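Please put together the full structure from these sequences, using the hints given.
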Amino acid sequence: MLSGILIFNQKGENLIFRAFRSDCRPRLADIFRIQVISNPQVRSPILTLGSTTFSHVKHENIYLVAVTKSNANAALVFEFLYRLIVLGRSYFGKFDEEAVKNNFVLIYELLDEILDFGYPQNTETDTLKMYITTEGVKSAIANSPTDSSRITMQATGALSWRRSDIKYRKNEAFVDVIEDVNLLMSATGTVLRADVNGQIVMRAYLSGTPECKFGLNDRLLLDNGESSGGNGSRGGFSGAAGKATRAAAGSVTLEDCQFHQCVKLGRFDSDRIISFVPPDGEFELMRYRATENVNLPFKVHPIVREIGTTKVEYSVAIKANYSAKLFATNVIVRIPTPLNTASTTERTSQGRAKYEPEHNNIVWKIPRFSGQSEFVLNAEATLTSMTHQKAWSRPPLSLSFSILMFTSSGLLVRYLKVFEKSNYSSVKWVRYMTRAGSYEIRF
Amino acid sequence: MAMNKIRGAFAVPRKGETFELRAGLVSQYAYERKESIQKTIMAMTLGKDVSALFPDVLKNIATSDLEQKKLVYLYLMNYAKSHPDLCILAVNTFVQDSEDPNPLIRALAIRTMGCIRVEKMVDYMEEPLRKTLRDESPYVRKTAAICVAKLFDLNAGMCLENGFLEMLQEMIGDPNPMVVANSVTALSEIHHTAPETKALQVTPNTLRKMLMALNECTEWGRVTILSTLAEYRTADVKESEHICERVAPQFQHANPSVVLAAVKTVFLHMKYVGPELAKTYLKKMAPPLVTLVSSAPEVQYVALRNIDLLLQKQPDILNKELRVFFCKYNDPPYVKFQKLEIMVRIANDRNVDQLLAELKEYALEVDMDFVRRAVRAIGQVAIKIESASEKCVNTLLDLINMKVNYVVQEAIVVIKDIFRKYPGYEGIIPTLCKCIDELEEPNARAALIWIVGEYAEKISNAGDILGSFVDGFNEEFAQTQLQILTAVVKLFLKRPDKAQGLVQRVLQAATAENDNPDVRDRAYIYWRLLSNTSDQNATKNIVLSEKPPIVTTISSLPPTLLEQLLQELSTLSSVYHKPPEQFVGQGRFGADAVQRAAIEEQIQNARENPLAAAAAAAAVSGSTPPAQAQNNVENLLDIDFDGGAPASAHTEPSGQMSGLEGLAGTPVRVQSPAVGAPAPQGSNNLDDLLGVFGDSGAAKPSAGPSNGGGTSDLMNGFSGLDLSGNASPAPAPPANNQPKKASEDILDLL
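Protein chains in written order, with the numbering used here: chain A, 1249 to 1691; chain B, 5 to 754.
Hints listed in this document are in silico derivations from the structure and should not be mistaken for laboratory results.
This structure is a prediction, so every number in the text was calculated from the model and none was measured.
A couple of the hints might just be wrong.
Calculated cross-link-like contacts (lysine-lysine; reagent style DSS-like; alpha-carbon spacing at most 27 angstroms) [unchecked claim]: (1) K1613(A) to K332(B); (2) K1377(A) to K1418(A); (3) K1547(A) to K324(B); (4) K1573(A) to K1613(A); (5) K43(B) to K1342(A); (6) K1259(A) to K52(B); (7) K43(B) to K1259(A); (8) K1349(A) to K287(B); (9) K1613(A) to K1602(A); (10) K332(B) to K1602(A); (11) K1559(A) to K407(B); (12) K1512(A) to K1377(A); (13) K135(B) to K202(B); (14) K332(B) to K1567(A); (15) K1613(A) to K1567(A); (16) K288(B) to K1461(A); (17) K462(B) to K407(B); (18) K202(B) to K275(B); (19) K425(B) to K462(B); (20) K1377(A) to K275(B); (21) K1512(A) to K425(B); (22) K1349(A) to K43(B); (23) K332(B) to K1547(A); (24) K395(B) to K551(B); (25) K283(B) to K324(B).
Below, the structure is given as structure tokens:
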């Protein structure tokens, strides 16, 4: 598998060089530097030279490189590099050149633990943090044999993500439903593509080894329940009401779901029940995708006119489609301007607009956007003349925002049940949020 | 005295970094020693040679500080090779550590021992390894399992003698899922490097255990187990069904590599289950495949390349999912290119409108390469879906009217292909002819000239257009020259009165003033044909013969290669769409070995089938005028099987002419498949072997059919040409000396 992991900064200095196999020689670092970092032509993340393959990922200001010699599993290699980034971020806050330089000993230690002979081992942050610790927290526990045998049991066991002896005075679970809504709208206002990438993040502070069951308004599940005669726990719906009621109650078709490794996939596959023993603390329980009946929170209506070769006129209207009780925060509209823009003037009915020459954008910020309201921006960009007239490619206008207590897909958490031997009662909290994924409008 | 002096010369310097580090390493204070070790490791990373400090670092190995121990071990692994003798000093500590009450230390010791690749170390490894394989802690066991693979790599004989393989095989039944996963990993590695050991034999019993561990082990372990399951040949349908049933839930895993591994396993075992069941699995794998498209760009790229393969085998699985493949403005180019190819593959008459609108949008972007591909995609869609051809042509005309130079050029090349499939679009020719001044690239010029020649009877000013090209004949590229030549002859045959002078001028220019043998040859052939008075129609039959319409311009892999690549899903091989032998060597001489194997195959091919080889060589030398600089060997290594218009697919007009057809036919083949890449970057196969496809994202798709599949393509090339070679008795005489020459050239290469 992997022959080595290398980390470079942007200048091409080798910050970390960890060989896992004898075929990963130090000079490979030079080859990568010459062939990839200092080669502006590179357009692919994979480079094979001779029998050596470099797979690289760029993060912040560092390159993370995996060296392989065989016909390696490319998906695994990249996924592993991304996992390394996740690990680095959770250990150092930010995984950049400075963090790598300051913590190189720890990084070597981590690499030693998560890869053996080039095969990825346990990469769960929480488990690793128990025995690989930063300077601040001394690795005292790892030095005592009893503790470490407990740790190692956990690091390899069937519940590798959870310690067994967790105790909380107050048992709580927080569920965050976070949706990224993606939109691609054509210049004529038709929706080319609208979908939702959702994730459900859970923070579990539960004692013992709790078994959780999680229910959503998933259409397949509800339909299943109906066909099997329904079970008592959902007495709220009467069987006779049939599908109409369910539709009114708002069920959601999930195109695809992906779960944290703690979820019993077999059970989901057979009867669509999400059941799991959660890790302690925060984790991503599931990710899902929905494409039907996507509620678009904002409707944008841009009018852009190029007047001759010296001026572009903008009129962008944006309307909030959600209930008036809700409001969006940090709404940012990025309106592209031609590359040869000299200056701009903007007028807005709400918020502030500013020209950002380095990104060729007019950035319009609206800190608070209440539901059903509509705002307009009028702007004008003056262009400098160019010797070589090149058509402006008109990149799409993009939006970013976040709205609390709103889901674009209409997803709802119906229940979260916690079963534990000691039968304690627990408090559960649910929060919904919708953000902009890639929310693009062509004009 | 003298001795002292000499010793002095070799003594270590008393200042500098090494000196300071050494002083720190032997300091009486623990914290100073640790700090120095850290600095040493830092220097090591920066590429400085700190191996001189080996003995001093080694002194710090016996410590209770776990962190320090790890650092010393790291140093040891790096420099063990340069100080094999001193390593033995560390053995004691290793053996001691492997019996430490702390499992973390036991595991660390056995893990590091395996990484110290010194022959002498091997003798001391046996006992600790045996003990740790039976350790009570699963953490130690799983580490020891991998260590067996390390030992095998170092000294296979000893590994076998001591029965470590058997122990490992037993460990597949371990109660701990991670131990199972690592044992499978180690066994599968051993099995692949040395198949004769039969290390990993899946039996019903081990199968059951692996399936059990699958649901419990770490994500990476799942990938290993799934890959092993994918390689396993089931005994009966029941077993295949069982595997599919147990693996399918893994489609829902959060880790894309697990999802791909599960897709691979189910896809390969699906063949054996009933068609109904197979269909449900195909349906089930579509949503997770789509989800992969929203992962990180690099992972996405791997997924897209794999989806491309899957679609070639099962074209319908993602029928309804066109929209997810729409390019985002910020997608990296390698992702965009791949998305384009996939969109064309899943295009059908229901989604074609949507697709065309989107492709048109892309054609207005600024990235030239991307725009060209988008235009090309429009052409591919037109040829794929008959009902949409008119819309495609209109879209292309819209694009031509925008007057962006490179768009116009690409559009003309594409429209030429559309003409080759559908009649009835002659009405747009005047629009095309208006752009004549914008065409700079030989490809586009050649395409337009071909159109003019083909429809000469319908273009009133065809003579004037061609006349202007004939005037500048000798400034054109060979590719364009060949087209001018053919077009003028066609015009002459269709309207003899108008082109009498023109044809004489062009033949004169091509034979007397031109250095290119291909152009000259073709001109001579035409000249002879035209001066043949015995049979008036012979020339017409040859030059104006009915050409078979093209079927598709979407490049596909040959079926055998596709089957092979489907076995390799999610690996590098599936990303490159090349079999692993082509880019993975074994050991140090890997690349050479591959090269040698390839050449041997050529020689053997040439020996077994001299006629075909000769025909191939002839076809190639005739068909790649732009690449004439290359020598024959490279050509031979580079023969491609052009899906668009295989030479063998030409229908032979009549028995009498079949001899000439080979000659007249080959040039036709050059002009027509302008689909083929404009001089592919990696045209030299030897370079290819050494990895020119570095720029794979950009190079691959454009190279498309021409350097698509290396060896197996080559085989196809041979077999394809074989047909035409056999069918035509005429080229037989030259065939006798050709193969010799070809193989000689190959030998030269060695």
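Hint by hint, here is what the structure shows:
1. K1613(A) to K332(B): Holds - the C-alpha atoms of K332(B) and K1613(A) are around 23 angstroms apart, at most 27 angstroms.
2. K1377(A) to K1418(A): This hinted pair holds, its Cα atoms lying about 24 angstroms apart.
3. K1547(A) to K324(B): holds (26 angstroms)
4. K1573(A) to K1613(A): OK: K1573(A) and K1613(A) at ~21 angstroms, within 27 angstroms.
5. K43(B) to K1342(A): Measuring from Cα to Cα gives roughly 23 angstroms; hence the hint holds.
6. K1259(A) to K52(B): holds (18 angstroms)
7. K43(B) to K1259(A): Judged against 27 angstroms, a Cα distance of about 22 angstroms means the pair holds.
8. K1349(A) to K287(B): violated (48 angstroms)
9. K1613(A) to K1602(A): Roughly 8 angstroms separates the two Cα atoms, so the pair holds.
10. K332(B) to K1602(A): This hinted pair holds, its Cα atoms lying about 25 angstroms apart.
11. K1559(A) to K407(B): With a Cα-Cα distance of about 22 angstroms, the restraint between K1559(A) and K407(B) holds, given a limit of 27 angstroms.
12. K1512(A) to K1377(A): holds (25 angstroms)
13. K135(B) to K202(B): Judged against 27 angstroms, a Cα distance of about 24 angstroms means the pair holds.
14. K332(B) to K1567(A): Roughly 24 angstroms between the alpha carbons, so the hint for K332(B) and K1567(A) holds.
15. K1613(A) to K1567(A): holds (14 angstroms)
16. K288(B) to K1461(A): The given pair, whose Cα atoms are some 24 angstroms apart, holds under the 27 angstroms limit.
17. K462(B) to K407(B): With Cα atoms ~25 angstroms apart, K462(B) and K407(B) stay inside 27 angstroms; holds.
18. K202(B) to K275(B): holds (26 angstroms)
19. K425(B) to K462(B): Satisfied, since the Cα-Cα distance of roughly 18 angstroms is no more than 27 angstroms.
20. K1377(A) to K275(B): At roughly 44 angstroms apart (the allowed maximum being 27 angstroms), K275(B) and K1377(A) break the hint.
21. K1512(A) to K425(B): The given pair, whose Cα atoms are some 54 angstroms apart, is violated under the 27 angstroms limit.
22. K1349(A) to K43(B): Roughly 12 angstroms separates the two Cα atoms, so the pair holds.
23. K332(B) to K1547(A): holds (19 angstroms)
24. K395(B) to K551(B): This hinted pair holds, its Cα atoms lying about 25 angstroms apart.
25. K283(B) to K324(B): holds (16 angstroms)
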